[in-house]
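S.K.: Chain by chain, the residues run as shown.
Protein chains: 4
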Amino acid sequence: MIVVMKRDSDRAEIDSVIKHIEELGLGAHLIEGEERTVIGVVGRTYPELGSALEVLPGVDAIVPISKPYKLAGREVIPDDTIITVKGVEIGGGRPVVMAGPCSVESEEQLLETARAVRAAGANILRGGAYKPRTSPYQFRGLGEEGLKLLKAASEETGMPIITEVLTPADIDVVCQYADILQIGARNMQNYILLEECGRTNKPVMVKRGLSGQIQEWLLAAEYVMSQGNRRVMLCERGIRTFETATRNTMDVSAIPLLKRLSHLPVIGDPSHGTGHWYLVEPLAAASIAAGADGLIIEVHPNPDHALSDGAQSLTFESFRRMMDKVRAVGDAVGRPLHPAGEAEPLAV
Amino acid sequence: MIVVMKRDSDRAEIDSVIKHIEELGLGAHLIEGEERTVIGVVGRTYPELGSALEVLPGVDAIVPISKPYKLAGREVIPDDTIITVKGVEIGGGRPVVMAGPCSVESEEQLLETARAVRAAGANILRGGAYKPRTSPYQFRGLGEEGLKLLKAASEETGMPIITEVLTPADIDVVCQYADILQIGARNMQNYILLEECGRTNKPVMVKRGLSGQIQEWLLAAEYVMSQGNRRVMLCERGIRTFETATRNTMDVSAIPLLKRLSHLPVIGDPSHGTGHWYLVEPLAAASIAAGADGLIIEVHPNPDHALSDGAQSLTFESFRRMMDKVRAVGDAVGRPLHPAGEAEPLAV
Amino acid sequence: MIVVMKRDSDRAEIDSVIKHIEELGLGAHLIEGEERTVIGVVGRTYPELGSALEVLPGVDAIVPISKPYKLAGREVIPDDTIITVKGVEIGGGRPVVMAGPCSVESEEQLLETARAVRAAGANILRGGAYKPRTSPYQFRGLGEEGLKLLKAASEETGMPIITEVLTPADIDVVCQYADILQIGARNMQNYILLEECGRTNKPVMVKRGLSGQIQEWLLAAEYVMSQGNRRVMLCERGIRTFETATRNTMDVSAIPLLKRLSHLPVIGDPSHGTGHWYLVEPLAAASIAAGADGLIIEVHPNPDHALSDGAQSLTFESFRRMMDKVRAVGDAVGRPLHPAGEAEPLAV
Amino acid sequence: MIVVMKRDSDRAEIDSVIKHIEELGLGAHLIEGEERTVIGVVGRTYPELGSALEVLPGVDAIVPISKPYKLAGREVIPDDTIITVKGVEIGGGRPVVMAGPCSVESEEQLLETARAVRAAGANILRGGAYKPRTSPYQFRGLGEEGLKLLKAASEETGMPIITEVLTPADIDVVCQYADILQIGARNMQNYILLEECGRTNKPVMVKRGLSGQIQEWLLAAEYVMSQGNRRVMLCERGIRTFETATRNTMDVSAIPLLKRLSHLPVIGDPSHGTGHWYLVEPLAAASIAAGADGLIIEVHPNPDHALSDGAQSLTFESFRRMMDKVRAVGDAVGRPLHPAGEAEPLAV
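Protein sequence lines correspond, in order, to chains A, B, C and D.
This note's numbering numbers the first residue of the first sequence as 1 and each following residue consecutively.
This note's numbering numbers the first residue of the second sequence as 1001 and each following residue consecutively.
This note's numbering numbers the first residue of the third sequence as 2001 and each following residue consecutively.
This note's numbering numbers the first residue of the fourth sequence as 3001 and each following residue consecutively.
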């Protein structure tokens, strides 16, 4: 942590800051620049210290230096984390594809979709049973009934399941059916939920919040990991910006940046990232080209009758086309897609 | 809901959209413009319908018309909601002041602060017992012990208590001590938490999320209200923008805009809104000038030793100065501050 | 400037950075923290240096310390700048009001408006003759004809004129008529235009760009000042955020923050800041409460027939009401409005 | 344009809006919904009309329907625009690569770079002679001397030149040397500059402004095109968001979205888009995967000694690696890179 003094701060003010630092058992290291003095704080600093030092007379600003995340960072754990779920390896160099409907609506809708995405090469089945909705008057999901349908579709197709958990009270029931827990964007800073997921033995995918900075997002992963669960992956699904032509602005650069800062797998979600089905294929290809460890894609038999997110859902046909392109791009960048076969015939 | 067709959409595409609408029991109303055709959808529309219609051939865009919030809107409930808490009226034309430390740290810190803000004219005591923190390694609050200290300080000073509830499991214990439940910014779209608070008999203050649009924020209030609890107030606490010179960007215009769109009381939080103690007084004054029904302010005996949010906390002295200015501005705009006296000697 | 090394940077990398710094004639000051090493660079640093150092092996990040603006900053020039224009003092503690139509449309429209705002207490006449428009097919202003009408209205009412200059080639003609040059938001980083205005003897009002950070905005002022023209004022007119319920998000906190960082006068523009006439009065009052040195307000005899910005223009009646409120707030915060009278009967 | 009435608007208000519309020679088309009435305006509407109608009593909101750009839109001109510059085809299905230093610093630096990027497969030489800089104290480019160096390097390597023009007064001199005019991000809404470039016979590349919405950006292109110059291309170079871990947020989704909305070529700029050299290769690959018609890349012989943008410049070696990856991705998505050879040995 660096304390930047005001240009006209006097000796007494500087001494007082140093004294404050030393009383906390930390070291104070003075640098007198041409224009102003800065004081390096050496030792175990913490964010609150900066906030407290900022109010001392003569202080202009505080600059944090340490990275607040540890377990999620590559500086502490240099090797890539690989998460294996029923034979599917996430983060091992071969991108995986998670696909399925936004919401589980019926047995027929789910099974039909699961078979179609499986046939096209998907590795993992997605589907929402508990849906967070902006309005209390929207369709909220089938609940445990939806989980059961997911389980049945998983058993038939051999794909493990990823599904969202909305609140701590649902974790137990979701864990009975799901193979991967998904933390939705709105819950990226729901710390209680993160910690509770950190106490399960299920892999957790943490979606980026609409206004989640990279560092906060890694700290969200840290919340899960700090409870002992190291099997965490991150999912870029678009951030909120001034642009209204797309539902969100998908921050493709977050993918390679996270791969540099962290050892955790990174998944791209072009369905939510763009909000328009016709942008899903190009952004899926872009995500793989940028180094994503996987994709999560919304697919629906009839997007024009979907109970949620129809506008961003692919049809079976457009999903197959997307897979062809994504497969070609993966091969081109030396990251061939994870084989669909490896996840197959599971003894459940 | 308006369906905007592409400029080159043909008759068959238009007919197909109309058929789709009519099959749902809704009316389709055609307008053929100079440049393109639009179709008005008449009847009980819902957001999913727009998402589904958007994928039909020939459709360019969907424009929603209805406001998705009802109970929170002034179009449905035209008269101002007034929330009375132990004699303090919120939303009745006389702005209230909520003040206290960011976190409850100790009995002495809390009591000293409570007495000081009370003496300066505050009406309601704030203080965090359960703290949402960006990092798992930060101070997380005293929990129920903190609630007990709040209760004691409330009894001595006669001020009702507002405190944050983080997760559904804490609601019961928080309700035993608190007079107003606060939903923090990170939980604005934690729908389960909102609904659970909607089932209590405590007033609820919903803070705006970092990326919360006005409409989403009113829908968050709607979540609480839809469960039967109509005593909801809104709190503007700054949004996340590209500007880094302040912690957040306080959207002062949200205050009069909400007063126009909604009947709910609106509180300004210049402490979080700006993140710097020296900006709290001017933004508190600005909030009152813009029509706020109240303020919530962080105050600490020694900001340079605070366990959280020191940089944005006022000292007792600067809080008194702020109160003087805010009182003058309230008088100037015909909205004198709520008297401190009215909340006093409570039979608890 | 602080060079933050990676946690695992080795001695050779650290030495290489130090060597690089010293070869430039700068001092390198090492601080070895618990977690990582940082190197303070002492001497006349510059932004390009940071960008260049960032690519050296072992470097994690660069943290600038110096403020890049000098003449615009209060650290260099501590006393408030007061700009006097034909008897009107801007920045002298008494807020001024600039008012008039968005665009000059006709002699009648302008004169009528000028008289009305004068009677209500405005000090300076605003009006656009050269209009920047998002689309090439919109009304672009009357050009020099508009300037002549402004001049005539100014002579009749005694109010000096502020008007926008769009491009260097127009500066000469605008200077023949205008008393204050306005740099519009879209031109905040049009450096050639800023410098050319810096070579005139007219005061310059620099509006904040839609995505202008406080520091960049002060650097825009620095561009003008670096050419010798010290009579610069800043105008907050809203920034672009994710919120679409208002045209822009008016950053009221920028007003007191600029007063702290800079000695230049700060004007609030609630018309553009909000985009809705019904939000102008509350945000005008908020701006004054927050310490603005003045306001700039769009007024039109018939907003429903305005050729530009009708939705955010006040009628004469609503402008009078706004003035009453703003006057009361100015009195309340010890900053009474600048008298209208002092600017009167000018010998031109 | 749709006029949305308030829920409680009465018949007289509705009639008054209709009368206002009809007096302008436009048609008013009433739709009475379950909740509120909307009025479709049929005929040649314009943005000012919406702003004016918004202030009428009983009006809740205005929804524009027409796209304000015409020449830039695919609805008016369905076929892809192909711009041929000295044998290099931009927009013809084979992505081009523009590369070179941020600023022209010296003959040696430029020539060396030009040869290196040419050898690696670049088609067009970039280099700044007039540099827009945030601070007046930064390096501002060599001016016409820089243009002469560009010309010499172009003649030796056979690559046409793209370079930025900052202000109308420079257009003539820049046109003497450059093959493509670049409008920088800060000038996206410098309408005078856009129009002046529209009167030249040089292709123009319009970079997206930091806060430029897709629609505004297409309108910037429209400004150029409205003057008769149809050879316009667009360049995505990152937008400003809340994320500070990257210099900007590169909106990769803008690439396919523009290809859908417009017939103009779209170039990706991962150097400015990310601000970090180590993110350039993945985002270059992502841009091509998403359908970009080309890339513009900053390359420098010694980024650690660059006079500008060192942190985001590739070395010759990293540029070659990037080209290999980009070539592979182009092949994979059926859009092989434009051959370098075709631009060669020019009779100038």
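Quick caveat, the hints were computed from the structure, so don't treat them as lab data.
Among the hints, erroneous ones may be present.
Derived DSS-like pairs: lysine-lysine, alpha-carbon spacing no greater than 27 Å straight-line [as the list claims (entries may be wrong)]: (1) B/K1070 / D/K3006; (2) A/K6 / C/K2067; (3) C/K2202 / C/K2086; (4) D/K3006 / A/K325; (5) B/K1325 / C/K2325; (6) C/K2067 / A/K70; (7) B/K1006 / D/K3325; (8) A/K6 / C/K2070; (9) A/K67 / C/K2325.
Remember, predicted model here, so these are calculated numbers, not experimental data.
S.K.: Give a verdict on every hint.
M.R.: Status of the hints after comparison with the structure:
Distance check on the hinted pair: B/K1070 and D/K3006 sit about 14 Å apart at the alpha-carbon level, within 27 Å; holds. At most 27 Å may separate the alpha-carbon atoms for a hinted pair to count; A/K6 and C/K2067 meet this at roughly 11 Å. Restraint check for C/K2202 and C/K2086: satisfied, since their Cα atoms lie roughly 12 Å apart, inside the 27 Å limit. For the hint linking D/K3006 to A/K325, the alpha-carbon distance of about 48 Å lies beyond 27 Å, and the restraint is violated.
Using a Cα cut-off of 27 Å, the hinted pair B/K1325 and C/K2325 holds, with the two alpha carbons roughly 16 Å apart. Restraint check for C/K2067 and A/K70: not satisfied, since their Cα atoms lie roughly 31 Å apart, outside the 27 Å limit. The straight-line distance between the Cα atoms of B/K1006 and D/K3325 is roughly 38 Å, outside the 27 Å bound, and the hint therefore fails. For the suggested pair A/K6 and C/K2070, the alpha carbons sit about 14 Å apart, so the restraint of at most 27 Å is met.
Only pairs whose Cα atoms come within 27 Å are accepted, and A/K67 paired with C/K2325 is rejected, the gap being roughly 48 Å.
When the structure is compared with the earlier hints, violations turn up for hints 4, 6, 7, 9 and for no others.
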